[in-house]
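Engineer: Generate coordinates for the entire structure from the input sequences, incorporating the hints supplied.
Residue strings, one per chain:
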Amino acid sequence: MWQKMCEYIADNYMKILLQVRDHLVISLLALAAAVIIGVPIGYLASKSAKGEKYLTVPFQMLRVVPSLAILVLLIPVMGTGIKPAMTALTVLAIPPILLNTVVGFREVPAFMVESASGIGMTDREVLKKVRIPMALPMILAGIRTGLVEIIASATLAAKIGAGGLGEIIFTGLGLNRPDLLLIGGILVALLSLGSGFLFDHIVGRALPYKNLKE
Amino acid sequence: MEAIAYQGVTKKFNNSEVNSVDHVSATIAEGEFITILGSSGCGKTTLLKMTNRLYEPTEGKIILFGEDISTVDPIVVRRRMGYVIQQVGLFPHMTIEDNIAAIPKLSKWDKERINNRVTELLELIDLDPATYRKRYPSQLSGGQQQRVGLARALVTDPKIMLMDEPFGAIDAITRLNLQNELKKIHDEMKKTFLLVTHDINEAFKLGDRVMIMNAGRLLQFDTPRNIVQNPADEFVDTLIRSARDQEEFWEAVKI
Numbered sequence: 000m001w002q003k004m005c006e007y008i009a010d011n012y013m014k015i016l017l018q019v020r021d022h023l024v025i026s027l028l029a030l031a032a033a034v035i036i037g038v039p040i041g042y043l044a045s046k047s048a049k050g051e052k053y054l055t056v057p058f059q060m061l062r063v064v065p066s067l068a069i070l071v072l073l074i075p076v077m078g079t080g081i082k083p084a085m086t087a088l089t090v091l092a093i094p095p096i097l098l099n100t101v102v103g104f105r106e107v108p109a110f111m112v113e114s115a116s117g118i119g120m121t122d123r124e125v126l127k128k129v130r131i132p133m134a135l136p137m138i139l140a141g142i143r144t145g146l147v148e149i150i151a152s153a154t155l156a157a158k159i160g161a162g163g164l165g166e167i168i169f170t171g172l173g174l175n176r177p178d179l180l181l182i183g184g185i186l187v188a189l190l191s192l193g194s195g196f197l198f199d200h201i202v203g204r205a206l207p208y209k210n211l212k213e
Numbered sequence: 000m001e002a003i004a005y006q007g008v009t010k011k012f013n014n015s016e017v018n019s020v021d022h023v024s025a026t027i028a029e030g031e032f033i034t035i036l037g038s039s040g041c042g043k044t045t046l047l048k049m050t051n052r053l054y055e056p057t058e059g060k061i062i063l064f065g066e067d068i069s070t071v072d073p074i075v076v077r078r079r080m081g082y083v084i085q086q087v088g089l090f091p092h093m094t095i096e097d098n099i100a101a102i103p104k105l106s107k108w109d110k111e112r113i114n115n116r117v118t119e120l121l122e123l124i125d126l127d128p129a130t131y132r133k134r135y136p137s138q139l140s141g142g143q144q145q146r147v148g149l150a151r152a153l154v155t156d157p158k159i160m161l162m163d164e165p166f167g168a169i170d171a172i173t174r175l176n177l178q179n180e181l182k183k184i185h186d187e188m189k190k191t192f193l194l195v196t197h198d199i200n201e202a203f204k205l206g207d208r209v210m211i212m213n214a215g216r217l218l219q220f221d222t223p224r225n226i227v228q229n230p231a232d233e234f235v236d237t238l239i240r241s242a243r244d245q246e247e248f249w250e251a252v253k254i
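So the sequences go chain by chain: A and B.
Residues in the first sequence are numbered consecutively from 0, following numbering that gives the first Met the number 0.
Residues in the second sequence are numbered consecutively from 0, following numbering that gives the first Met the number 0.
These are calculated hints, taken from the structure and not from any lab test.
No incorrect hints appear here.
The following residues of chain A were derived to be distant from chain B, with all beta-carbon distances above 10 Å: (1) Met0; (2) Leu43; (3) Lys82.
Here are a few chain B residues that face chain A, going by a calculated C-beta distance under 8 Å: (4) Arg78; (5) Phe90; (6) Pro91; (7) His92; (8) Arg151.
From the three backbone atoms N, C-alpha and C, an ideal C-beta is built for every residue, glycine too.
Structural biologist: Written as structure tokens, this is what we have:
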């Protein structure tokens with residue numbers, strides 16, 4: 000089995016690299032879309048209890064629908080290829096990002112805002128200098144969750160012809176070849192874990208105050 | 000010159016039946032150290048917050064150096080004053096230096112001026128600039144954090160400093176040190192200080208004059224000596240007696 004896997008990789012490494020690239024491109028685009036949608040809606044939702052209810056519940060409900068079902072449902076509307084795949088993955092990643100954004104802004108203590116206003120910051124400055132930076136760790140944690148979920152689920156995109164590492168897995172399923180299944184599965188797992196670690200590393204660099212020794 | 004004049008200042012919150020601050024009138028001279036004493040809910044914090052327009056009075060006027068503050072942009076009013084709160088409110092994502100320099104940076108001071116000012120203030124509050132300027136608030140003790148809070152409030156060299164129970168969350172020994180240092184800073188700078196507290200010892204120790212408030216009303220506003228000798232009413236009398244009782248307790252356990 001090990002040998003078969005090595006052979007396949009040796010013969011197809013260019014193709015595999017391209018699939019890894021496609022996989023990452025789809026994932027990152029879907030993540031970007033989820034951030035662009037999730038963060039602003041989350042910010043709006045954090046402003047009032049009513050807003051939170053009406054803005055988060057629909058996305059919560061979408062979360063219950065499996066990605067595969069969304070993919071299949073989208074085919075009549077969007078056809079096959081990268082567009083429906085991106086949509087399904089974006090929908091998947093919005094809830095963690097949106098909910099964490101709400102919590103992030105909600106958890107900025109009132110006294111922090113008061114002390115910022117009290118020393119003479121305008122509302123905009125308070126938002127930019129205090130509220131956003133203080134909500135950021137929570138928002139980033141949501142984005143991280145979204146990223147890992149997307150990379151793992153992007154495998155399904157191959158099912159509707161959007162490419163990525165799912166191709167190897169579905170080929171393996173079709174031809175009943177466990178070696179391909181393993182290669183695909185391991186690569187997706189590595190990609191998912193690796194991107195999570197990389198993300199943590201970048202966040203650690205960007206937010207030095209988060210990992211201080213007291 | 001009058002630094003602050005309260006003229007019939009009243010605040011009634013929407014969700015409340017009674018006036019939280021009830022027709023308070025008082026004048027404060029420049030350079031005075033005023034303490035506002037009262038138990039929680041007496042309106043002392045509300046009065047303080049109206050002074051920098053965090054709250055707007057329902058009735059009455061507040062005049063700072065001859066200028067009615069309701070005619071001045073709240074941001075301008077606040078930038079002319081220092082503001083320190085009990086929870087300190089240092090920004091956890093900024094270094095000590097950036098915390099102190101928050102407003103100067105927004106006001107676009109040049110780098111050198113900011114640097115010099117931060118150094119000067121860190122020396123004033125007895126924190127070694129080289130050691131502390133690049134640290135984060137979570138790396139400092141509560142007492143040190145409140146010193147930085149004080150430095151941040153002093154950064155624009157405001158004529159008036161507002162402090163809302165600044166030492167309320169600090170242990171007794173550190174609190175005594177900070178009180179002494181605050182008194183020293185006041186004596187050196189001759190700014191007008193307004194400090195809200197519920198601690199009668201703190202109020203009488205620090206204040207040139209003490210405002211005693213209860214249920215939104217200003218009961219007495221006088222020097223500590225005059226208040227002790229001529230309490231204005233029953234409430235003030237009880238307050239002083241409670242402090243005396245405590246003193247007797249300490250005398251009693253000494254023997």
